[in-house]
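Trainee: Residue numbers (the numbering used here), protein chains in the order written: chain A, 1 to 503; chain B, 504 to 825; chain C, 826 to 981.
Honestly, the hints are just simulated from the structure, not real lab data.
Any given hint could be a false lead.
Unchecked claim - Not everything, but these chain A residues come out facing chain C in the computed CB check (under 8 Å):
| # | residue |
| --- | --- |
| 1 | Leu43 |
| 2 | Val163 |
| 3 | Phe218 |
| 4 | Lys220 |
| 5 | Gly221 |
| 6 | Ser387 |
| 7 | Ala391 |
| 8 | Val398 |
Said to hold, decoys possible - The list that follows gives simulated cross-link-like pairs (lysine-lysine, DSSO-like), each with its CA atoms no further than 27 Å apart:
| # | chain 1 | residue 1 | chain 2 | residue 2 |
| --- | --- | --- | --- | --- |
| 9 | C | Lys890 | A | Lys99 |
| 10 | A | Lys289 | C | Lys890 |
| 11 | C | Lys890 | A | Lys220 |
Predicted model only: the values in this text are computed from it and were never measured.
We put the beta carbon where it would ideally sit given N, CA and C, even for glycine.
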Amino acid sequence: MEFLFYMGDVFTPINFGLLLLGTIGGLILGATPGLSPTMAVALLIPFTFQLDAAQGLILLGAAYTSTVAGGAVSAILLKIPGAPANIATTLDGHTMARKGEGAKALQISFLASAVGGVFGVLLLIFLTPVLAQWALAFGPSHLFWLAILGVTVIGSLDSKSVVKGLLSGCIGLWLATIGFDDIMGAQRFIFHPALGGGINIIAALIGLFAIPQVITMFAKGRHNDGAEVIKVQKHPIGGAIRELLRNKRAMGIGTASGSIIGLIPGVGGQIAGLVAYDQAKKFSPERDKFGTGHSEGVIAAESANNAMVGPSLVPLLTLSIPGSPTAAVLLGGLLIHGIFPGTDLFDNHPDVAWTFINSMLIGQVLMCLFGLYVAGLAAKVAQVPQSVMAAVVLGLAVFGSYSVQSSMGDVYVMATLGVMMYFLERFGFSAAPLVLGLILGPIAEANFIQGSMIANATDGMSAYFLGGGLNLFLIAVVIASIFYSAYMELRSRRYTSKEEIMA
Amino acid sequence: MKKLITGAAIALASITTGALADGHANYPERPIMMMVSYGAGGATDFQARIVTMTAGNEDALGMPIAIINKPGAGGRVGWNWLAGQAEADGYTLGAYNIPHFIAQSIKGGVEYSRDSFEPIANWGADPAVLVVGAESEFNTLQDVVEFAKANPGKLTTSGAGLFVGHHIAALQMEKAGEMKMAYIPTKGGGAAAMKAVIAGDVMAGINNLSDAFRAREAGNVKILAVADLERNDFLPDVPTMREAGLDVDNSSVNFRGIMVPKGTPQGVIDKLAATVPAMFENKRVAGKMQAGGSPMHIMTRDEVLDMWAAREETLKELLAGL
Amino acid sequence: MSTSSLPRLQHIIGSGIVAAVGIWVAFVSYTQQPSEAFLFPRLISSVFVVLALWTFAKACLGWTKVGGGISVRQFTNLLPGLIIALIYIFWAAKGLGFYTATTLAFFILLSLYDPAPHHAVRSWLRRILITAIFMVVIYGLFAKLLTVYTPREVFF
Numbered sequence: 001m002e003f004l005f006y007m008g009d010v011f012t013p014i015n016f017g018l019l020l021l022g023t024i025g026g027l028i029l030g031a032t033p034g035l036s037p038t039m040a041v042a043l044l045i046p047f048t049f050q051l052d053a054a055q056g057l058i059l060l061g062a063a064y065t066s067t068v069a070g071g072a073v074s075a076i077l078l079k080i081p082g083a084p085a086n087i088a089t090t091l092d093g094h095t096m097a098r099k100g101e102g103a104k105a106l107q108i109s110f111l112a113s114a115v116g117g118v119f120g121v122l123l124l125i126f127l128t129p130v131l132a133q134w135a136l137a138f139g140p141s142h143l144f145w146l147a148i149l150g151v152t153v154i155g156s157l158d159s160k161s162v163v164k165g166l167l168s169g170c171i172g173l174w175l176a177t178i179g180f181d182d183i184m185g186a187q188r189f190i191f192h193p194a195l196g197g198g199i200n201i202i203a204a205l206i207g208l209f210a211i212p213q214v215i216t217m218f219a220k221g222r223h224n225d226g227a228e229v230i231k232v233q234k235h236p237i238g239g240a241i242r243e244l245l246r247n248k249r250a251m252g253i254g255t256a257s258g259s260i261i262g263l264i265p266g267v268g269g270q271i272a273g274l275v276a277y278d279q280a281k282k283f284s285p286e287r288d289k290f291g292t293g294h295s296e297g298v299i300a301a302e303s304a305n306n307a308m309v310g311p312s313l314v315p316l317l318t319l320s321i322p323g324s325p326t327a328a329v330l331l332g333g334l335l336i337h338g339i340f341p342g343t344d345l346f347d348n349h350p351d352v353a354w355t356f357i358n359s360m361l362i363g364q365v366l367m368c369l370f371g372l373y374v375a376g377l378a379a380k381v382a383q384v385p386q387s388v389m390a391a392v393v394l395g396l397a398v399f400g401s402y403s404v405q406s407s408m409g410d411v412y413v414m415a416t417l418g419v420m421m422y423f424l425e426r427f428g429f430s431a432a433p434l435v436l437g438l439i440l441g442p443i444a445e446a447n448f449i450q451g452s453m454i455a456n457a458t459d460g461m462s463a464y465f466l467g468g469g470l471n472l473f474l475i476a477v478v479i480a481s482i483f484y485s486a487y488m489e490l491r492s493r494r495y496t497s498k499e500e501i502m503a
Numbered sequence: 504m505k506k507l508i509t510g511a512a513i514a515l516a517s518i519t520t521g522a523l524a525d526g527h528a529n530y531p532e533r534p535i536m537m538m539v540s541y542g543a544g545g546a547t548d549f550q551a552r553i554v555t556m557t558a559g560n561e562d563a564l565g566m567p568i569a570i571i572n573k574p575g576a577g578g579r580v581g582w583n584w585l586a587g588q589a590e591a592d593g594y595t596l597g598a599y600n601i602p603h604f605i606a607q608s609i610k611g612g613v614e615y616s617r618d619s620f621e622p623i624a625n626w627g628a629d630p631a632v633l634v635v636g637a638e639s640e641f642n643t644l645q646d647v648v649e650f651a652k653a654n655p656g657k658l659t660t661s662g663a664g665l666f667v668g669h670h671i672a673a674l675q676m677e678k679a680g681e682m683k684m685a686y687i688p689t690k691g692g693g694a695a696a697m698k699a700v701i702a703g704d705v706m707a708g709i710n711n712l713s714d715a716f717r718a719r720e721a722g723n724v725k726i727l728a729v730a731d732l733e734r735n736d737f738l739p740d741v742p743t744m745r746e747a748g749l750d751v752d753n754s755s756v757n758f759r760g761i762m763v764p765k766g767t768p769q770g771v772i773d774k775l776a777a778t779v780p781a782m783f784e785n786k787r788v789a790g791k792m793q794a795g796g797s798p799m800h801i802m803t804r805d806e807v808l809d810m811w812a813a814r815e816e817t818l819k820e821l822l823a824g825l
Numbered sequence: 826m827s828t829s830s831l832p833r834l835q836h837i838i839g840s841g842i843v844a845a846v847g848i849w850v851a852f853v854s855y856t857q858q859p860s861e862a863f864l865f866p867r868l869i870s871s872v873f874v875v876l877a878l879w880t881f882a883k884a885c886l887g888w889t890k891v892g893g894g895i896s897v898r899q900f901t902n903l904l905p906g907l908i909i910a911l912i913y914i915f916w917a918a919k920g921l922g923f924y925t926a927t928t929l930a931f932f933i934l935l936s937l938y939d940p941a942p943h944h945a946v947r948s949w950l951r952r953i954l955i956t957a958i959f960m961v962v963i964y965g966l967f968a969k970l971l972t973v974y975t976p977r978e979v980f981f
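Taking the hints into account, I'd like the entire structure generated from these sequences.
Mentor: Given below as structure tokens:
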């Protein structure tokens, strides 16, 4: 209960002001295409030079919390996921926005974020020692199996065609190998200088999701009938809360998978949303509605994203190991004040540690309030014509992909992938499995190579990759996931009529 | 057209200021960008952000320096970019890590060499250290050497990548101790390599002194030896490798500093070389570096040129057999 | 079934290109050195080629179930926009400067696809206004707030 003792510190005028600033700033930065939470927090580091340690961390913690949630804004309204965490949000969120339910999608996404986020921070407060052990339990062999588990999700993520889903995944896995091989340093598939640094994941996300949508709007041509207008209908907040309460299962699955997966160093943050989305879909009686603007999809994805925030800091705060790039940046924010995370932090600077954690708790609530306000604003900008939307998304895509690392090469990669994806989509491929391949490829490869090096020096490949409880458990889950997908595929074939196939 | 306008602008600038003929008197006129070839939050990135934080002061450059991260493949991605694609106009700087980029250029497969860059100044020197988990049965460097000799190729040792400082230290240890270790490069840099040691995925690790110091403060690791010529101020109780019986010199010490791509106007290089070391000496910079456990070591452009040349020679010798 | 003949040909071409890429990837993976670095690409490309050939075969037999292809109408609609977007991204952004190029591309695309009549002064004023607002927001966000230095070149 130590955290309650320091709760008052959050509400001093300066601290609370910084918390507000961080929350609002974070929402804006998070909603900006191309700015991942890591970059947003890195941008704020110079401001914390002037502040004392607790104040600096309040600013950074609030910004981290709200950039993760802010990414949902561009994912829902523009179909530009701000970070890998928001990919799953676009799947149903943007479809809702196209149906005119943009405000509703934003409201439930912020409410789900707040519930997941508060749960995640509470886990951080109460279960840190247990969680730290769990985070360390994942060695190279386990991360390899975890990535393979992600790959098995590829086939079922896109319900239209399992073969094309897997093929999209393969294209993604291949794209991920372009550039320098991370461990050996060999050059692979660099057929243009812009690819020298490999394919930047943020630039690729923008291209793969935003550009096909721009071209689709072009393909509709000039319409004079006024039908091609994106409306955002007003939606009462009470309705959104009721919607959330109706979907407790999606909420629970999202929060649980977000908190568990978010804990795993180096992997969690990127795939938590997608895994939660996939699980919610598998357990839902209305699984056919996923991808067509179903609120369960948004709830699962967004609650997972924010549930991940708290646990992702566990390895940093207890073991001084930054488990994610964002945690690494936060580590910098601690170090410049001469505070070392770990026992030093909680023993000698409990005020800093607990004020930081409390500010993330309060930050979740503030983020939700401001988010709901933003959703209300979105509803006021009542009608956006498709032509304006296409031009806006294109402009933001170019600026967003350039600003990732000030590189024209990323803009070229973004555009090339985007145009390619448009044509692939016309032939039944989809972007989500491709992106999952792009994210999981490097994780699977690096851990496999690293694991096999350790295995060769110690007990041998089969003992290393197949031995131990956690390995066996993960392999069992992989096999179960494959069988489940195959079963669902066969069942849906039996019930799919001829007309549906043609449509 | 473009050249004409630039030419006219330079002409105009030199008329109005009546200053140096090379037209760099007003440098810098806009914010400067500095490329760091490791990810945000890594040791190099963290230190680069601190040492450049006073660049905007009037007594320094008068313009802020913004950090751009281009991580990948142990730094190769960023340095390739700096050598091949960055504009050599003085507004694009890069952070260097020695011995990393020189070792990689000797090994080949990259588009840069020592001659592709012009050093400006050095800010830090971070020696490599040998760490083992807090619960490990190894208590001295001697224990580790004995195990490695008795079990050739069985001592799994993590490090940040191939042909970076950690790997050089491992190679030197193998050579000096006439033993074979299993060096495990990790993706994700020093933090991932440290995690592997703490979690017990590997038996030992080579890591940055600054990160290892922090991990030891948190009670997670034991530091057995420093790969440097002298003991470090942060770790007065830890022996150097030589003291502990392995003839390893300071070739693997990670020198960090600022450089520019070849082709940057001489006037700009001179101006930077004159102001940057003083910028590093700023009290606030030193205070923040000390607080973060990052050892500083300021060197001027001429000293760095000598250091680069000396390092290239030793590394060529060391890597010749591979 | 006459309407489906166009998508069928398109599916053959589309999946043919994917299969060709897959074969190229496999070829490069199995021939390039060092082989340790290409272990993973070999694994991926093998699966890639099998799946791509399967899809290609299905397309040739006309068994493709998903994907509507592109109609002639859609293609003529999207072509001008795509060409402008590509000129904007691959040449103008760097050649003219980011903000100039974005303003031009934004305005041209808006004029091409905006349903409002092309002869009315009011609709032109509206387009100019929307472009101006967008550019102000972009400039404030990227240049001022985030201090991203974009290529300037000839213009701004």
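Trainee: State for each hint whether it applies.
Mentor: Status of the hints after comparison with the structure:
no.	hint	result
1	Leu43	7 Å, holds
2	Val163	6 Å, holds
3	Phe218	3 Å, holds
4	Lys220	7 Å, holds
5	Gly221	4 Å, holds
6	Ser387	4 Å, holds
7	Ala391	5 Å, holds
8	Val398	6 Å, holds
9	Lys890/C - Lys99/A	26 Å, holds
10	Lys289/A - Lys890/C	19 Å, holds
11	Lys890/C - Lys220/A	23 Å, holds
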